[in-house]
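Fit chain W to the given chain P structure using the hints.
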Amino acid sequence: MTASLSLQSVSNQYGSTRVLHDLSLEVAAGEMVSLLGSSGCGKTTTLRLVAGFLSPSSGRILLGGRDLVGVPAHRRDIGIVFQNYALFPHLKVVDNVAFGLKQRGIDAAERQKRAGTMLERVGLSELADRYPGALSGGQKQRVALARALVIDPALLMFDEPLSNLDAKLRIDMRVEIRRLQRANGNTALYVTHDQEEAFSISDRVAVMNAGRIEQLDTPEVLYRRPGNAFVARFVGYENMIPMRVVERDGASVTGEMAGGAKLVLSQDQFGPIPDAFVLAARPDGLLVAGAGNGIPVVLGLRTYLGRTYQYRCQSAVGELVANGSVEAQDGHAVLVPVAEQCCVLKPESR
Amino acid sequence: MNARINPLLVGFAALVMIFLVAPLIIIIGASLSDTTFLTFPPRGLTLRWFENIFAVDAFRSTMVTSFQLGVFGTLLSLLVGIPTAYALNRFRIALPRWLGTVYVLPVLIPEIVLGFSLMKSMIIGLGVPYFPGLLIGHALLVLPYAVRVVSASLASFDFSIEEAAISLGSHPLKTFFTVVLPNIRSGVIAAFILAFITSINDVSVSLFLTGPGVSTLPIQILAYMDQFFDPTVASVSVLLMLVTVVVMAGVEATLGLTFLTK
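Order-wise, the sequence lines are chains P and W. According to our numbering, the first sequence holds residues 1335 to 1684 in order. According to our numbering, the second sequence holds residues 557 to 818 in order.
Please keep in mind that the hints were generated in silico from the structure rather than gathered at the bench. Mixed in with the good hints there might be a few duds.
Derived DSSO-like pairs: lysine-lysine, alpha-carbon spacing no greater than 27 Å straight-line [as the list claims (entries may be wrong)]:
(1) P:Lys1426 with P:Lys1436
(2) P:Lys1447 with P:Lys1436
(3) P:Lys1680 with P:Lys1596
(4) P:Lys1426 with P:Lys1447
(5) P:Lys1436 with W:Lys730
(6) W:Lys730 with P:Lys1426
(7) W:Lys730 with P:Lys1447
Next comes chain P alone, as it looks inside the complex (with noise of 0.2 Å):
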């Protein structure tokens, strides 16, 4: 069974704190949205609020239609992987993933089958009679995945799951749980700190910062297309020059920046451009170059990356970070901004 999530201007208060400011957020049946945000945003917040860890100081969480403020956490339907897996240590494996099954009032040898099937699913099956502390991070993970599916619940939500696990052994977790996910068709809400991650493995992200959603929109368009400063920022346009326009031609347009430097952009590549507006950039999104249509810049501290070099550079608003080729040496240079790797926002957004 899956089932819309939706929550309405939701607030939380903590003392006098709020966490949550008249949070909304609707998530499809059978899609998969991720909060993305910094420690203290708010998303693990809305996570316990939707599992009923929390309750809401005003607004309304409704799954599958149905109003669930008020519902204790055990009645309402949820399938949870935490972050630290919370495996129940005095049960074995397959026990862990018959715990919910078991809740349910199914007979002991139906749960014992499907238990054993959704271990197989995982890839665990010759682990069904160890106790969890008889397994690595992987495995645990695993486990705490497959309890949460085997109820096959309203929703499905993932807190940080992948965090304590390293590097390789998250990406292939992250597909593993996307798999998962999918051909069961469950609705997901997934909380992460990892842009990458979140981007991965969603239909869509919601950005958060301060309790409050900043953009909500598919990774593609959050990633090309940032709203504001702060999803910009976090999606890694680290670059932000204040613009003005001084000469309209057509579709190119020139602008202007702190120190007199001017700048020709097309509107056929960033669409329209106000007459006060800043140019965001990605650090790949500026190209160290000899000369040439750019802002000029002094070249400072180079490291390397692999496929390029990166550049702390000095300009007339403040140090920006560029990728060039080793033949950039100390010294004046322009950087000349690539369209597809920079956007356009609007000045007043932070």
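For chain W alone, kept in the frame of chain P given last:
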């Protein structure tokens, strides 16, 4: 490795061992002496003083009382102590820090003061009969062990395990018994043993709460010594020691003694 041990240190360690062990040997020796007075080394060997314990009514009845107090007082303290320890750990952030200390007070304040104040408030003030009074007194005396030892167990318990069980459909109360309790089992057992031994060997609190017809074994030993000075006192002490040793051996066999000192 070139470990040099200071001979002074060896001597000192030996002295400590002698002081710890010698009284026990003397008591064991004296309890076996075939004389009508306490003496060491024993003259002749007999077990009649051990038989005498069971021949003296007061020893028999107080032994039963002490055992009842040890078991039921400890159970009572666990009944209060386990939920207390749970709350102290589960809601640690929300609770004031000093709250945990309150439950250790019976260990911190002199036992004689605890005994006196309990007598004043319960026996004299409220007219509580002797046995229930003793039971409450012993439960209170051992409560710190219940709270502290169970707390130590809960401190390493990950409460998201409890949340996992609840999210899977288990009622919170049921979760406590099926998920939390099995994972702090060894802590509960350790708390029971420490509390039981403390209760069985207690004098100070019991002294104030016993009365005509109701007494504990250690109090009876004191009373007996007032009138007689035969080796029965030594043999009853050896018996108390044996109970402690048997319990400790039980711990060692099941959990390991280091478990209690952790």
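Checklist entry - Of the hints given before, which are not true for this structure? => result Structure breaks no hint.
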